[in-house]
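S.K.: Now for the letters of each chain:
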Amino acid sequence: MPIKIQIPTLLREHAGGKTTVEAKGDTVKAALDDLCAQFPALAAKIFERGEVRMHLNVYLNSEDVRYLEELATKTKDGDELDIIPAVAGG
Amino acid sequence: MTIDPSLERYSRQMRFGGVGVEGQKRLRAAKVALCGCGALGTVLANALVRAGIGYLRLIDRDFIETHNLQRQILFDEADVTANLPKAEAAARKLRLINSQVTIEPVVTDIDRTNILSLVSDADLILDGTDNFEIRYIINDAAVKLGKPWVYGGVIGSHGQTMTIIPGETPCLRCVIEAAPAPGEAATCETAGVLAPTVNVIASYQATEAIKILTGHVESINRDLIFLDVWENVHKRFSISKLRERNNCVCCKQNKFEWLDGAHGSQTTSLCGRNAVQVSHRVAGRLDFDAMANQLGTVGSVSFNRFMLKFIVEDYEFTVFPDGRAIIKGTNDPDKARTLYAKYIGH
Numbered sequence: 018m019p020i021k022i023q024i025p026t027l028l029r030e031h032a033g034g035k036t037t038v039e040a041k042g043d044t045v046k047a048a049l050d051d052l053c054a055q056f057p058a059l060a061a062k063i064f065e066r067g068e069v070r071m072h073l074n075v076y077l078n079s080e081d082v083r084y085l086e087e088l089a090t091k092t093k094d095g096d097e098l099d100i101i102p103a104v105a106g107g
Numbered sequence: 006m007t008i009d010p011s012l013e014r015y016s017r018q019m020r021f022g023g024v025g026v027e028g029q030k031r032l033r034a035a036k037v038a039l040c041g042c043g044a045l046g047t048v049l050a051n052a053l054v055r056a057g058i059g060y061l062r063l064i065d066r067d068f069i070e071t072h073n074l075q076r077q078i079l080f081d082e083a084d085v086t087a088n089l090p091k092a093e094a095a096a097r098k099l100r101l102i103n104s105q106v107t108i109e110p111v112v113t114d115i116d117r118t119n120i121l122s123l124v125s126d127a128d129l130i131l132d133g134t135d136n137f138e139i140r141y142i143i144n145d146a147a148v149k150l151g152k153p154w155v156y157g158g159v160i161g162s163h164g165q166t167m168t169i170i171p172g173e174t175p176c177l178r179c180v181i182e183a184a185p186a187p188g189e190a191a192t193c194e195t196a197g198v199l200a201p202t203v204n205v206i207a208s209y210q211a212t213e214a215i216k217i218l219t220g221h222v223e224s225i226n227r228d229l230i231f232l233d234v235w236e237n238v239h240k241r242f243s244i245s246k247l248r249e250r251n252n253c254v255c256c257k258q259n260k261f262e263w264l265d266g267a268h269g270s271q272t273t274s275l276c277g278r279n280a281v282q283v284s285h286r287v288a289g290r291l292d293f294d295a296m297a298n299q300l301g302t303v304g305s306v307s308f309n310r311f312m313l314k315f316i317v318e319d320y321e322f323t324v325f326p327d328g329r330a331i332i333k334g335t336n337d338p339d340k341a342r343t344l345y346a347k348y349i350g351h
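Chains as they are written, first to last, in the working numbering: chain A, 18 to 107; chain B, 6 to 351.
This is chain B alone, in the form it adopts within the complex (with noise of 0.2 Å):
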């Protein structure tokens, strides 16, 4: 049998029982979103399309820093100056490293409005996010669309991983039923995250993914993995069983409250960064010429096609240009909320 030469780059891949020719075909058909291209999302990126899916949607909203770099293995110093997106950094790379994935920058925050159209397209949603808001609306679609997802999180040295199929595994909230509340965890400024942890966690999640993609779900991972690589353990806790004893609101109710609006907010303190992002949609894009113009009469204003710094007294604004922001030199959203209408309007 010839071997359509397109896949030859697969051959290792292939050779590999659970994927094989057939495998690696669906692959290419395959579609996926991750949501979030952080620490765990870079390592997921990098490690599907290095595989070969045929398309992945990559969904973050902030930028990148030079502190990302220690983990964040798709960016670099480069990317840092030129103030750039981190889904359309990492889409640039992943394009150099695999010209056959078609690569979908987004550049937006996920929420309850707009979490249905990122990912209803798409074969799988991959967990590369950094707080349970957004956790639970990918949750709550994924149960509502049918799709598979793959939940990660890690600190530390430590991390977690489970396999989300709708129907037939518990879902997120069967097993985590709620998020810490602020103050109550360790974040990664308190307590640091290595970067073997992310690699462990998120190949733990590429894996899952590339069963799922290749047809394989009786393989998957039905435990919820903790491992922690500094004090070497590695765990499986048993979790099958929660599907069917609990009453589930998500997957048993089929009450989707997260994407109803029943929790949630519309700011959101940034994990350890002493910042706030406030969503704020505006119709169309925000004009930065304009803004800059008015701007720089009360303090330094730079920007490009994808986002315009401003800093004012003690205070940092990274806006988008749909109107979304991130002020850095406050954990308080109230006051966020009062810089964003002071300085940028509405």
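With the rest of the complex left out, here is chain A (with noise of 0.2 Å):
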């Protein structure tokens, strides 16, 4: 079983309008390259000079990699990787 990345609404029209995404990996970085590979304009929407952009979080499982191994942190078939913007509205 692949990893499923969960596309958040902003970017899904990049995505084929998909809300999920199966990719492979064994990183976190790996996954997400994947996904760009599938789907080519996203790279500039999720990467900026080779890190997630600022303004975007990434979790593994629910838990935030930044504080596992960041890009690195290694990843395993069925594990969920969710893409969250910030939202600013109010």
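For the record, the hints were derived by calculation from the structure and aren't laboratory data.
Just so we're clear, the structure is a prediction, and the values are computed from it rather than from any experiment.
All clues given are correct.
As a list, the in silico DSS-like pairs of lysine-lysine whose alpha-carbon atoms are at most 25 Å apart:
#  : chain 1 : residue 1 : chain 2 : residue 2
1  : A       : Lys93     : B       : Lys240
2  : A       : Lys91     : B       : Lys240
3  : B       : Lys246    : A       : Lys21
4  : B       : Lys36     : B       : Lys152
5  : A       : Lys35     : B       : Lys240
6  : B       : Lys314    : B       : Lys333
7  : B       : Lys240    : A       : Lys21
8  : B       : Lys257    : B       : Lys246
9  : B       : Lys149    : B       : Lys260
10 : B       : Lys257    : B       : Lys149
11 : A       : Lys93     : B       : Lys246
12 : A       : Lys62     : B       : Lys240
13 : B       : Lys246    : B       : Lys149
14 : A       : Lys41     : B       : Lys240
15 : A       : Lys21     : A       : Lys91
16 : B       : Lys246    : A       : Lys91
Assembly of the complex is requested from the two constituent chains, each provided in isolation within its own frame, with the hints serving as guidance.
M.R.: The following block contains the structure:
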């Protein structure tokens, strides 16, 4: 079972309208790279100079990867990755 | 034990184990600074005033428009017609709801020069704002002063909230390191916002407020809560370890860059409204009578003691007594400053 990446509303137009995309990779970075390989328009939306853009947070099985091993955090089949943009409205 | 008759109206709240009589008394002694009185802010204000806090300072820079009525629960059509600022209109409503609560409306733009004076005497700061510039200023102030605050953000059908206890939990900058750049994120104008989304997120915030004010910090939410009421998503993202892992500029290094003016702007493009706010503080109050006489020769003018409205060409100015102005008809900060200088002066 591959990794499931939850696509935020903001980015779905660049992912063929999908809410969830299955990706392969043994690290968070590899999985996100596979996502961008499937949907190249996402690359510039998610990454900036090789790092995830600062207004996006990435959670692996609901844990913030910044206190795990960041993008090098290891993943396994069946894991769930959430990309969560900061929300300003109020 | 005889209960103070003035607390009787809170009988159903006091019967809830987490509050009780003692918790209710703590609420009555509490002072809250509510930053922003729009969508989240009106729901927050309504909840806390009904819950019986002692003092609510309502801080908001804006005036009411018809499209606010869909989700900003304290306002009505008469408020729009009367051209009332949000803080003032909300205060009038809230006093009718609960006359035991002292309500202080403050019609101003929150910035680094006034935030400390606005929140330093509060027990808790609540987020009803609509942009990250102000949120980072609030975060700096809260961490510097050691005050708890509760973040909330909404758009479309989804929203997020987290509770910040300085020194104990991650602060906002630990979790959300930067705001989306202009054009990178949807706005309420492009993506819309459902009133129930607002109500749900603000209700989470209000509950956190009640926990903190009744002395139940042990019960606070320590995650980033993410909800999507249309897609039926309810998630909690674990963030508590971010505080120990990160060397946060704000809460670990105690560098308050937003308070110190290292970031921020004097003009703010107003989210999705084709409008720019120009913050130009004047000493004292602007003389609206004199301004109306001058501006009336080039455009149409109306004013009351809260604001002056001036329409010229394709632009609509709303000017406040402290010199601040919202200029509709442009998204360009430079254009807005030029228009301000041309018609308002300075």
